[in-house]
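Here's the letter readout for the chains.
Protein chains: 4
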Amino acid sequence: MIEERHETRGEKETSRIEAFSDGVFAVAITLLVFSLQVPALDNPPTSEHLVKMLLLRWPSYLAFFISFATILIMWISHHVMFKLIDKSDTLFMLANGFLLLLVTTVPFPTQLVATYLTTPVAGVVCVIYAGLFLMTNLVYNLLWWLAAHQSHLLKDSVSPKLIHTRSRDYALGAPCYLLALLLAFWSPGVSIGICSALWLFWVFTTYERRPTRKAYQKQRFEREKKESHDPA
Amino acid sequence: MIEERHETRGEKETSRIEAFSDGVFAVAITLLVFSLQVPALDNPPTSEHLVKMLLLRWPSYLAFFISFATILIMWISHHVMFKLIDKSDTLFMLANGFLLLLVTTVPFPTQLVATYLTTPVAGVVCVIYAGLFLMTNLVYNLLWWLAAHQSHLLKDSVSPKLIHTRSRDYALGAPCYLLALLLAFWSPGVSIGICSALWLFWVFTTYERRPTRKAYQKQRFEREKKESHDPA
Amino acid sequence: MIEERHETRGEKETSRIEAFSDGVFAVAITLLVFSLQVPALDNPPTSEHLVKMLLLRWPSYLAFFISFATILIMWISHHVMFKLIDKSDTLFMLANGFLLLLVTTVPFPTQLVATYLTTPVAGVVCVIYAGLFLMTNLVYNLLWWLAAHQSHLLKDSVSPKLIHTRSRDYALGAPCYLLALLLAFWSPGVSIGICSALWLFWVFTTYERRPTRKAYQKQRFEREKKESHDPA
Amino acid sequence: MIEERHETRGEKETSRIEAFSDGVFAVAITLLVFSLQVPALDNPPTSEHLVKMLLLRWPSYLAFFISFATILIMWISHHVMFKLIDKSDTLFMLANGFLLLLVTTVPFPTQLVATYLTTPVAGVVCVIYAGLFLMTNLVYNLLWWLAAHQSHLLKDSVSPKLIHTRSRDYALGAPCYLLALLLAFWSPGVSIGICSALWLFWVFTTYERRPTRKAYQKQRFEREKKESHDPA
Numbered sequence: 001m002i003e004e005r006h007e008t009r010g011e012k013e014t015s016r017i018e019a020f021s022d023g024v025f026a027v028a029i030t031l032l033v034f035s036l037q038v039p040a041l042d043n044p045p046t047s048e049h050l051v052k053m054l055l056l057r058w059p060s061y062l063a064f065f066i067s068f069a070t071i072l073i074m075w076i077s078h079h080v081m082f083k084l085i086d087k088s089d090t091l092f093m094l095a096n097g098f099l100l101l102l103v104t105t106v107p108f109p110t111q112l113v114a115t116y117l118t119t120p121v122a123g124v125v126c127v128i129y130a131g132l133f134l135m136t137n138l139v140y141n142l143l144w145w146l147a148a149h150q151s152h153l154l155k156d157s158v159s160p161k162l163i164h165t166r167s168r169d170y171a172l173g174a175p176c177y178l179l180a181l182l183l184a185f186w187s188p189g190v191s192i193g194i195c196s197a198l199w200l201f202w203v204f205t206t207y208e209r210r211p212t213r214k215a216y217q218k219q220r221f222e223r224e225k226k227e228s229h230d231p232a
Numbered sequence: 001m002i003e004e005r006h007e008t009r010g011e012k013e014t015s016r017i018e019a020f021s022d023g024v025f026a027v028a029i030t031l032l033v034f035s036l037q038v039p040a041l042d043n044p045p046t047s048e049h050l051v052k053m054l055l056l057r058w059p060s061y062l063a064f065f066i067s068f069a070t071i072l073i074m075w076i077s078h079h080v081m082f083k084l085i086d087k088s089d090t091l092f093m094l095a096n097g098f099l100l101l102l103v104t105t106v107p108f109p110t111q112l113v114a115t116y117l118t119t120p121v122a123g124v125v126c127v128i129y130a131g132l133f134l135m136t137n138l139v140y141n142l143l144w145w146l147a148a149h150q151s152h153l154l155k156d157s158v159s160p161k162l163i164h165t166r167s168r169d170y171a172l173g174a175p176c177y178l179l180a181l182l183l184a185f186w187s188p189g190v191s192i193g194i195c196s197a198l199w200l201f202w203v204f205t206t207y208e209r210r211p212t213r214k215a216y217q218k219q220r221f222e223r224e225k226k227e228s229h230d231p232a
Numbered sequence: 001m002i003e004e005r006h007e008t009r010g011e012k013e014t015s016r017i018e019a020f021s022d023g024v025f026a027v028a029i030t031l032l033v034f035s036l037q038v039p040a041l042d043n044p045p046t047s048e049h050l051v052k053m054l055l056l057r058w059p060s061y062l063a064f065f066i067s068f069a070t071i072l073i074m075w076i077s078h079h080v081m082f083k084l085i086d087k088s089d090t091l092f093m094l095a096n097g098f099l100l101l102l103v104t105t106v107p108f109p110t111q112l113v114a115t116y117l118t119t120p121v122a123g124v125v126c127v128i129y130a131g132l133f134l135m136t137n138l139v140y141n142l143l144w145w146l147a148a149h150q151s152h153l154l155k156d157s158v159s160p161k162l163i164h165t166r167s168r169d170y171a172l173g174a175p176c177y178l179l180a181l182l183l184a185f186w187s188p189g190v191s192i193g194i195c196s197a198l199w200l201f202w203v204f205t206t207y208e209r210r211p212t213r214k215a216y217q218k219q220r221f222e223r224e225k226k227e228s229h230d231p232a
Numbered sequence: 001m002i003e004e005r006h007e008t009r010g011e012k013e014t015s016r017i018e019a020f021s022d023g024v025f026a027v028a029i030t031l032l033v034f035s036l037q038v039p040a041l042d043n044p045p046t047s048e049h050l051v052k053m054l055l056l057r058w059p060s061y062l063a064f065f066i067s068f069a070t071i072l073i074m075w076i077s078h079h080v081m082f083k084l085i086d087k088s089d090t091l092f093m094l095a096n097g098f099l100l101l102l103v104t105t106v107p108f109p110t111q112l113v114a115t116y117l118t119t120p121v122a123g124v125v126c127v128i129y130a131g132l133f134l135m136t137n138l139v140y141n142l143l144w145w146l147a148a149h150q151s152h153l154l155k156d157s158v159s160p161k162l163i164h165t166r167s168r169d170y171a172l173g174a175p176c177y178l179l180a181l182l183l184a185f186w187s188p189g190v191s192i193g194i195c196s197a198l199w200l201f202w203v204f205t206t207y208e209r210r211p212t213r214k215a216y217q218k219q220r221f222e223r224e225k226k227e228s229h230d231p232a
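Top line first, the protein sequences correspond to chains E, A, L and R.
The first sequence begins at 1 in the numbering used here and counts up by one.
The second sequence begins at 1 in the numbering used here and counts up by one.
The third sequence begins at 1 in the numbering used here and counts up by one.
The fourth sequence begins at 1 in the numbering used here and counts up by one.
Just so you know, the hints here were simulated from the structure itself, not pulled from any lab data.
Among the hints, erroneous ones may be present.
Any copy, or any two copies together, can satisfy a pair, since identical chains are not distinguished.
[Claimed, not checked] In silico lysine to aspartate or glutamate, EDC-like type, Cα no more than 16 angstroms apart, as pairs: (1) Lys218 - Asp156; (2) Lys87 - Glu13; (3) Lys52 - Asp156.
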């Protein structure tokens with residue numbers, strides 16, 4: 001139980017949590033390359049055989065790509081959430097640790113999907129796959145609830161309206177992933193499809209667009225003009 | 001033997017040590033995923049067989065979870081300790097390096113426990129497991145002693161009372177882990193139980209809770225009111 | 001869709017993107033060491049046999065070196081580009097993620113080249129190798145276009161002339177790598193040669209040289225003299 | 001060829017180089033754990049057999065420890081050097097990249113030593129081992145020469161005396177490692193011994209000790225007293 005505060009002036013309290021999380025995301029995303037293997041050829045090797053062997057391994061390329069995209073969007077979500085946060089406490093750190101546990105696990109169910117998607121056991125692997133996504137979404141909800149409601153870890157500048165919008169976006173994911181999980185028993189393809197479509201949803205909800213160079217210079221010019229008329 | 005100081009103004013001297021340590025913690029915790037393997041099935045595969053094969057591998061999931069939780073709490077402890085430190089010297093860097101050696105070693109004894117916990121050699125692996133934790137605790141004691149007593153590496157704002165509380169908390173771990181090590185010969189389960197219970201102890205001693213949004217705003221409001229009455 | 005901005009004052013908005021990218025580059029470049037293996041010897045081992053076995057593995061050393069140099073120059077290019085950037089948006093983050101995908105893939109085609117460069121299938125592997133480089137170059141062009149034209153993510157101090165020079169340099173790469181890809185069918189050696197020569201081109205276009213200690217002190221002395229004559 | 005400068009005010013220009021290098025050092029040092037393997041036992045396993053199997057693997061523990069200590073001291077040296085540096089240019093970045101290449105290579109010759117130190121080929125592996133250290137030392141000399149002489153990358157506050165001391169310390173290493181390399185043909189043990197002794201030499205030359213809490217407070221008290229007598 002600590003009551004003293006020892007942050008260096010102006011230091012963002014969450015910077016080491018971000019650095020550690022960045023490290024875990026970066027290692028997890030890079031380890032995926034181990035799923036790509038150089039094929040062994042007969043002696044003497046022929047170009048046709050090499051090309052055929054490389055093409056036969058399409059499930060491992062697909063698994064590599066899906067895992068990469070999944071961890072990448074998780075990292076972007078993490079980045080977008082932590083932009084609003086500048087304090088931290090123990091529960092929040094533990095919840096973030098649990099999220100990282102799920103992140104490092106991603107390659108395992110993805111590998112299951114890549115190996116068994118075209119076999120009779122596709123249903124089981126898609127349940128596990130959607131299940132991991134459901135859990136990840138629940139942990140994002142938990143992290144946001146801890147930061148915005150249970151304790152006050154957000155920056156002072158964050159508006160109640162933004163808190164509300166984000167809470168709604170995170171909450172929307174859970175029923176969709178649950179649906180994907182349940183549909184997996186009926187049609188693995190539809191289940192995978194919903195998981196991928198939600199990827200687009202996360203891109204959209206975190207979407208942010210900067211003005212072009214021209215628009216930016218116009219804005220700046222008008223702000224400066226206004227300031228010269230109305231000095232503080 | 002260097003007598004000149006060349007830190008950039010306001011730079012925390014330990015920031016590169018923290019970055020390097022974060023990297024080691026992050027890689028070590030992510031490499032644990034290699035203990036999860038996709039099971040090979042007969043052809044054609046059946047859902048029952050896949051589920052059975054996945055469930056049979058529970059020791060590897062347990063090992064993954066324990067290792068993850070262990071390295072996570074070590075990282076949180078490291079983070080909590082370094083919050084109070086803003087200087088560094090060579091002995092401290094070497095001791096921190098020794099701590100990182102123990103961190104990177106964690107997967108090895110955990111794997112031993114996962115492989116042999118249900119066999120007649122459980123006693124030996126639990127001695128090794130508790131032994132690693134005992135050594136880690138001793139190195140945390142050493143790091144803290146170097147920072148707080150041998151040299152003065154703490155921030156000026158750290159109170160003697162906090163130094164005393166922390167010294168006591170770190171020192172309490174050693175006899176408990178020694179007990180776990182000795183009990184391992186008699187009952188491996190009890191030994192593992194003590195190690196897990198100490199996990200909760202570290203969470204508790206580093207526990208920190210932030211005020212809620214409402215309490216935070218009330219505090220701020222009262223501070224501002226007081227300041228307007230009593231201008232500096 | 002976010003309209004609020006919550007950057008901490010003076011914080012570079014791209015710092016977490018750089019930290020994450022640095023992590024991915026660092027892990028990818030370090031994983032290459034797995035291509036170096038200790039040879040197994042007969043019992044009893046002889047020095048001649050060990051030396052011979054080590055020399056026989058020259059393709060793995062070459063692959064290690066080429067991959068390392070390739071990822072290193074990609075990192076330097078990334079560093080040089082991000083020096084001019086201090087803002088970010090979603091498209092830019094996704095494009096950067098795609099670049100990191102290519103970075104983590106580097107070991108795979110390099111391993112292909114190392115394994116099959118001296119065999120009849122050299123043509124195929126060199127097409128794949130040059131193809132990866134072509135794609136990487138296209139993504140660098142995309143990143144730069146997003147930062148400089150599509151949105152305004154560059155620092156205010158970057159001159160239009162520098163933007164123009166950089167755009168030209170990035171655009172020059174694409175036709176050269178395409179040429180290398182096409183020539184691979186005719187002569188794998190020439191294809192690899194062009195890829196290596198372009199490595200030198202990237203070093204040259206990002207080349208920057210600092211003044212020596214003497215020149216630096218002279219500059220400083222003259223600036224100070226001028227300032228004392230012409231006080232602001 | 002860039003002539004514009006775009007560093008954010010007060011930003012240390014080498015911070016991304018340090019972050020990338022820290023990442024490579026951290027990954028390289030953590031990957032060493034792969035040399036520790038859980039032994040497979042007969043069924044049913046006995047405690048005596050497990051202990052015997054674990055003890056038999058002492059060369060892998062030794063290799064793990066030597067590699068860890070080696071990469072750790074290389075990182076400390078890197079840290080100590082970069083404390084004096086706040087600028088960078090292309091040649092310096094390439095030389096640093098070459099150093100990182102050597103760092104990632106460390107596990108390979110260490111593994112060679114661990115595997116063959118007790119066999120007739122010990123001479124060859126010790127030549128390779130000392131050879132890597134010699135090259136690493138030469139690259140440290142090159143880095144320092146680039147930073148201190150070829151271009152002026154050091155902080156303005158670094159004294160010519162410190163530059164001279166450091167240049168001498170780095171230069172001293174080369175003949176010692178060359179001696180270790182040559183003696184390896186005659187006695188592998190002496191060669192390893194010299195390499196280890198130089199480890200202590202690097203600890204000593206980068207050694208830095210902070211005052212104790214009491215000495216620190218006394219210094220501070222006297223400085224404050226002096227300042228109150230002699231106001232600026």
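ask   = Quick check: which numbered hints come out false for this structure?
value = 3
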